[in-house]
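> As a plain string of letters, each chain reads:
Number of protein chains: 2
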Amino acid sequence: MVDFTLIASDGGARAGEMVTPHGVIPTPVFMPVGSQATVKTLTPEEVRESGFHLILANTYHLYLRQGVEVIEQFGGLHRFMNWDGALLTDSGGYQIFSLAPLCKIDDEGVWFRSHIDGSEHYFTPELAVACQEKLGADIIMVLDECSACGDPEKKVAAAMERTHRWAERCLAAQRRSDLTLFAIVQGGLFPKLRRQSASFLAGLDFPGYAIGGLSVGEPKEVTFAMLEEVTPRLPDNSPRYLMGVGSPEDLVEGVRRGVDMFDCVLPTRVARNGALFTSSGRINIRKASYRTVDAPIDAACDCYTCRHFSTAYLNHLFKAEELLGLRLATIHNLRFLHNLMKRMRESIIAGKFESFNAEFREAYHPTDEVTRVEQKQRWLDARNSSGG
Amino acid sequence: MVDFTLIASDGGARAGEMVTPHGVIPTPVFMPVGSQATVKTLTPEEVRESGFHLILANTYHLYLRQGVEVIEQFGGLHRFMNWDGALLTDSGGYQIFSLAPLCKIDDEGVWFRSHIDGSEHYFTPELAVACQEKLGADIIMVLDECSACGDPEKKVAAAMERTHRWAERCLAAQRRSDLTLFAIVQGGLFPKLRRQSASFLAGLDFPGYAIGGLSVGEPKEVTFAMLEEVTPRLPDNSPRYLMGVGSPEDLVEGVRRGVDMFDCVLPTRVARNGALFTSSGRINIRKASYRTVDAPIDAACDCYTCRHFSTAYLNHLFKAEELLGLRLATIHNLRFLHNLMKRMRESIIAGKFESFNAEFREAYHPTDEVTRVEQKQRWLDARNSSGG
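As they're listed, the protein sequences go chains A and B.
Going by the numbering used here, the first sequence opens with residue 1, and the numbers climb by one from there.
Going by the numbering used here, the second sequence opens with residue 1, and the numbers climb by one from there.
Mixed in with the good hints, there may be bad ones.
Remember, identical chains collapse to one label, so a pair may be satisfied in a single copy or spanning two.
Below, a list of computed lysine-lysine pairs in the DSS-like style, where the Cα atoms sit at most 27 Å apart [claimed, not checked]:
#, residue 1, residue 2
1, K342, K220
2, K287, K134
3, K287, K40
4, K134, K319
5, K104, K155
6, K134, K352
7, K40, K319
Hints listed in this document are in silico derivations from the structure and should not be mistaken for laboratory results.
Just so we're clear, the structure is a prediction, and the values are computed from it rather than from any experiment.
Please work from the sequences and hints to get the whole structure.
Printed below as a string of structure tokens:
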């Protein structure tokens, strides 16, 4: 079982600790995504060296390829992928509704086609739990029905109610008490439904609560407005997990609103596209002006990439389409997020989260591509103004 | 300067030691290829941990991208790519004749077009040396004219004679005495020309000799017959380097005929295609029967991959097209070659090379010829299209 302790709060922001069968996880925490039993491009050692001890894998992907039975033969996912840290598996709900051509859903379960070979499959809440118990992650998720951004209220309400019924069935289907089952709050972009979903699921006394169906295309103000409806209705002593959020600026906003856990493919996916996080914002490593820069991507970063390679070398690897570039960029972005979460946690414990937030907003520019010189200057200014 | 000492011979096979400015290299040695200043998919640490202390980079690629002047600003290739071991740069001759659409060659030099953007460039023996001196590898190569497999004797002889004149000009163009310049023996598939080229270049007293223009599509018997014409005519106290050879079975045959150094993209390229070397031969990791195998790829292998992951996991990564699979396969194949070279060296020193050879031929089955055929075809296609 996963045991969560709330250590400190500062405004809405929370710092805590999750004791799992595979290690202690300080929160707030970002979880790198390893859908197919690998955090793309990295070895388990590199993930760990980047500071992560809890990662996510996807039941949908592993069910289709290599098959949960094969992984069960290996004693579960930890041994199959050689990861001795903690694991969380998503139930497959989101992937069925976003990746797979959907065949038919009713109260009993959902028919879908594999996005790989078109083969037909049937998932139920009970099967989602059974598959996850074979994979054996520390934290497992209920099967939920995800609405699409733009669905009418009636449709979203029906999906939410089915998600609630499925949550109860997942609870009843649990066989392994060593795995911790989280509920998933749904309700789309309707404040009333979000409140209703949070309250209903809180009443079922789950050991943890995810917030699903957000960050799926809606404006960010709406994401955070929905979050504000949900978190106050969840129990203080359980972890809250916002699914699918992972940009630096959104992680800060999520933590401000009381979220403890996040996952997202964004940091690793954009890394493979050459978009790197730095203290002053996101940069595109392919830019011609980086061709000769004999300095790390971010002077403030302690990642393997920044300690060993120049911006010019990274620029070269990306232009030459060398796979090492994808690795080095992934390592950098993940370490950046690790350090960001760590700084947030420290500021919450010190009761200085809002001044951290103000500094971060001043320094970090999520959209505009700044020049290298400007970037360095901004970083120095940020250092000076923070008195560091 | 690179200093070569012959330690032991056993039949034709030789064991030696090369002292370079960046470390001592036991021979016979296989050099992993890092054309674009990176051994594809690996960090410098991983290359070193696989047992390699001498790798190859390509002047042609680095001249076109990131530019030798940029790398010179970094103090050379070692620092640019963060590799503190020894380096050898190819002159660009082979790449100009195999990759680039050729414009015009005469005694002065060669016009070619970049295979990347079609831009026009002019290379001379002097420029090839100057570029390599900016890159600063421990061993650099003369500019040579490569013949195509199937060229008539007259054409091959003319290319060989130009290669000889260019070798003399490269010697004269050298400015840095800390870098060691190797000659390249040419002469196509004509024994008389091969003898002539070896004798001529040996007379110029180079510190090392490469054998170029072999393993380019001709039958293996021909490759090794040519080699037997060349090695006896090269001085005993200089290293001999067979370019473009790297399959386990060919390395053994090369060593038997007195070769000290090898390079080839084959081990890393076929690794990325899922072809893995094992004690009993080459396997295709994608094969369905590997789906559930709970054992390393090769029980006799001490590589990172075999120590940490099962055959089933590798099979999964390749089927799921995960980049980690390419890395783990590359690490395995390189370590396999490192161990093979080490075993050959030990058997030479012990005076037991022929019994090693017999054992190896008994155990190792170079099956899975598909990739090799494909590779040859690709090369032939490139040659044909650049000729047309």
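> Would you pick out the hints that fail for this structure and give their numbers low to high?
As far as the earlier hints go, only 6 is violated by this structure.
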